[in-house]
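J.: Given the structure of chain A, go ahead and fit chain B onto it with the hints provided.
What follows is each chain in one-letter form.
There are 2 protein chains.
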Amino acid sequence: MSLTTATPKEQLEQLQLGTTDFINEKEMLGKLEKSYKDKKPLLIKFGADPTRSDLHLGHTVVLNKIRQFQDFGHTVQFLIGDFTAMIGDPSGRNQTRPPLSAEEIKVNAVSYAEQVFKVLDESKTKTVYNSEWLGKLSSTDFIRLSAQYTVARMLERDDFTKRYKENSPISLHEFMYPLCQGYDSVHLKSDVEMGGTDQKFNLLVGRELQKAYGQTSQQCVITMPLLEGLDGVQKMSKSYDNYVSIVDTPKDMFGKTMRVSDTLMLRWYELLTSVTPADLAKLKEDLKSGQKHPREAKVELAKFLITRFHGAAKAQAAEDEFNRIFVEKGLPDEIPTFHKAAGEIGLLQLMTDLGLTASNGEGKRLIQGRAVELNQQKVENEQLKVTLKAGEELIIRAGKKKYAKVVVS
Amino acid sequence: MSLTTATPKEQLEQLQLGTTDFINEKEMLGKLEKSYKDKKPLLIKFGADPTRSDLHLGHTVVLNKIRQFQDFGHTVQFLIGDFTAMIGDPSGRNQTRPPLSAEEIKVNAVSYAEQVFKVLDESKTKTVYNSEWLGKLSSTDFIRLSAQYTVARMLERDDFTKRYKENSPISLHEFMYPLCQGYDSVHLKSDVEMGGTDQKFNLLVGRELQKAYGQTSQQCVITMPLLEGLDGVQKMSKSYDNYVSIVDTPKDMFGKTMRVSDTLMLRWYELLTSVTPADLAKLKEDLKSGQKHPREAKVELAKFLITRFHGAAKAQAAEDEFNRIFVEKGLPDEIPTFHKAAGEIGLLQLMTDLGLTASNGEGKRLIQGRAVELNQQKVENEQLKVTLKAGEELIIRAGKKKYAKVVVS
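Each protein sequence line maps, in turn, to chains A and B. In this text, residue positions in the first sequence follow numbering that gives the first Met the number 0: the first is 0, and each later residue adds one. In this text, residue positions in the second sequence follow numbering that gives the first Met the number 0: the first is 0, and each later residue adds one.
A portion of the hints provided could be inaccurate.
A pair holds if it fits inside one copy or across any two, identical chains being indistinguishable in the list.
No farther apart than 30 Å at their CA atoms in a straight line, the calculated lysine-lysine pairs in the DSSO-like style are these [unchecked claim]:
1) K135 / K105
2) K210 / K135
3) K199 / K164
4) K30 / K313
Calculated from the structure, these hints are not laboratory results. In this text, all values refer to a predicted model and were calculated from it rather than measured experimentally.
Just chain A, with the same shape it has in the complex (with noise of 0.2 Å):
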């Protein structure tokens, strides 16, 4: 594994951007100092919990971090925390999450982690389960290592504050979680441990205890912000329907990012790409200038999250798709989208519907003026019936510039 030709300098100012916490920068650079210097890969961990569903975007803004290091030529370790989810809910009092089987536990790793490498290089990962050592502590061991941290600093986490003054009960084993976690640092060693904000607290463990054991180096701790979603405004998440899902067709990647507000198409540069500062930066001043339109920038980072995720042959195919319905026929970028059920009805009236029409009336003398179309298709019968099948999606024109999408499900 070659490490990169980028200095120890200019590997930090790549890392540093877009991060929220970073502990910390002293360290972080004497780190790659070292491997610089000595040509030996640092260790970045990465756990990951197995019982973990599809990806979307915003969880991929860690691994992109992740994988920056891994282009400087690092070494991660791709942890799956089998431990915690074979004990599942210890206390067996939470019917809804119950203890995962070895079998369901391995089927979610690799599930997991064929999602995963479609943004870390996995020649450059090492995928380790912390049952390995976490399920040979003997009881002497566990109780050496609860020693380690005390009761109020484990309170002070957000969520264990929160709940502690509101009277919510906390079980004694939700505090050995942390601990678990931190035990994997120590036992691997690692010299990064990346996580989202939320995280920043069992990180820190990590960090603490490597110490505790002795460690002369402990790990640095990188987080990341919370991706915004389409919206631009919330975090990207199912339940707000913003996401980007990264099983999601080049086509949908395409369109979805084509949508996006400038601003929002910056922040996913930085989070989602590897883009350098400088690079950044000119973009910003070319964007500014008008050097560069903000069109073509979208078109980029599309064929980037494409490639990524379905590779080149699709993201440069995605890309002709769009051109050739939206560009060559004069569609614009962003077209509102609406969601119908299957079904049969009147073009005039799913018209007013859309709002796209303020009456059946209008929607009428629009066809009489030759002003409507559907799929690119100019409408010259007032009474079209539309057939609306699962699946399919039309695209309706009233007037020179009310467009919208109709998705049928």
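T.: Only chain B this time, still in chain A's reference frame:
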């Protein structure tokens, strides 16, 4: 092992005498009735920390109550907490409490057991070591155990509450001790656990864990009060020098017991003997009516204690000796005792030092009046030099009623 003929109600009445917590009467009666009916002894758990040194009477209050259970035919689970002791102070921060080696624990346990069996009936005692089961728990078992208790409930233990409020650090492993101790009750399926009042919280954890682990019947919890020392005010403790060690000589035990107040004597009856509630009531009545002299009751108490710790023959000998010296020679029961270093001193000066005389002149006049005795021998020489030899005791009488005992060290 034969069970007593005492009825469950009679047993209950006796067992409740002198207790602080008795959780709870109804369940206890149920257990006693079942045991009586099935002719199956109850299992009485008593946990000991093998770091403990010599016992005094204060430590035997709990043992005495346990002995009452044995006298009713029940079985004692004498638990040596070697698992906890082997861990020592796992944080390694407290240098004054190093982990004990298995060998040290064994030595301590043997010495402790030797003392315990001065009170307990060895034939009705099963000695067990909790490393046998706690040492075999896996990390998963341990997490499962810790899931049974909440942080808030653990912080309700008085000392934890206090330390948490004072921002004095509580290591997480300290929360594990009550859980381990409680798990012992789960493993042993104990019917009753006994301890001092300071153990109430931990004993209740055992009761709750038995329930959490699905045992249909949970242990009753009995705590005993602290025993007041010879002064009748402070708790009996080496640091207050108001104790009777169980290795004190018969002579000392006799002497110390004769010197306690009448009130304290009744308290000792209650907490250190197996007097029945009816007998105790009668004793109080007889003392009040003058039917019985307190000295007589104290002699009986002293003989009971000496019999327990040294055997019946020694008890009788101690009484005879006491009678010879004190009663027959007309010495009072209580003589103020003073400690002096070995050396030589004039008797006049010694008497003044002890406060027997206001001045050496007064002492001189008393000797001239033949009113001074040294060890029951009239003193005639005003200039007598007394040689104080380490280990010896002197009794001086000055005038008709003033006595002092000098213990030379």
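J.: Go through the copies and call it for K199 and K164: within, between, both or neither, with a Cα cutoff of 30 Å.
T.: Both. Shortest intra-copy (21 Å) and inter-copy (26 Å) distances satisfy the 30 Å Cα cut-off.
J.: Within, between, both or neither: how does the pair K30, K313 come out at a Cα-Cα threshold of 30 Å?
T.: Neither. Shortest intra-copy (39 Å) and inter-copy (76 Å) distances fail the 30 Å Cα cut-off.
J.: With identical chains treated as interchangeable, where does the CA-CA distance between K135 and K105 reach 30 Å or less: within a copy, between copies, both, or neither?
T.: The answer is both: 19 Å in one copy and 27 Å across copies each meet 30 Å.
J.: Classify it for me, K210 with K135: is the Cα-Cα distance of at most 30 Å met within a copy, between copies, both or neither?
T.: Both. Shortest intra-copy (22 Å) and inter-copy (28 Å) distances satisfy the 30 Å Cα cut-off.
In summary, the structure is inconsistent with hint 4 from the numbered list given earlier, while agreeing with all the others.
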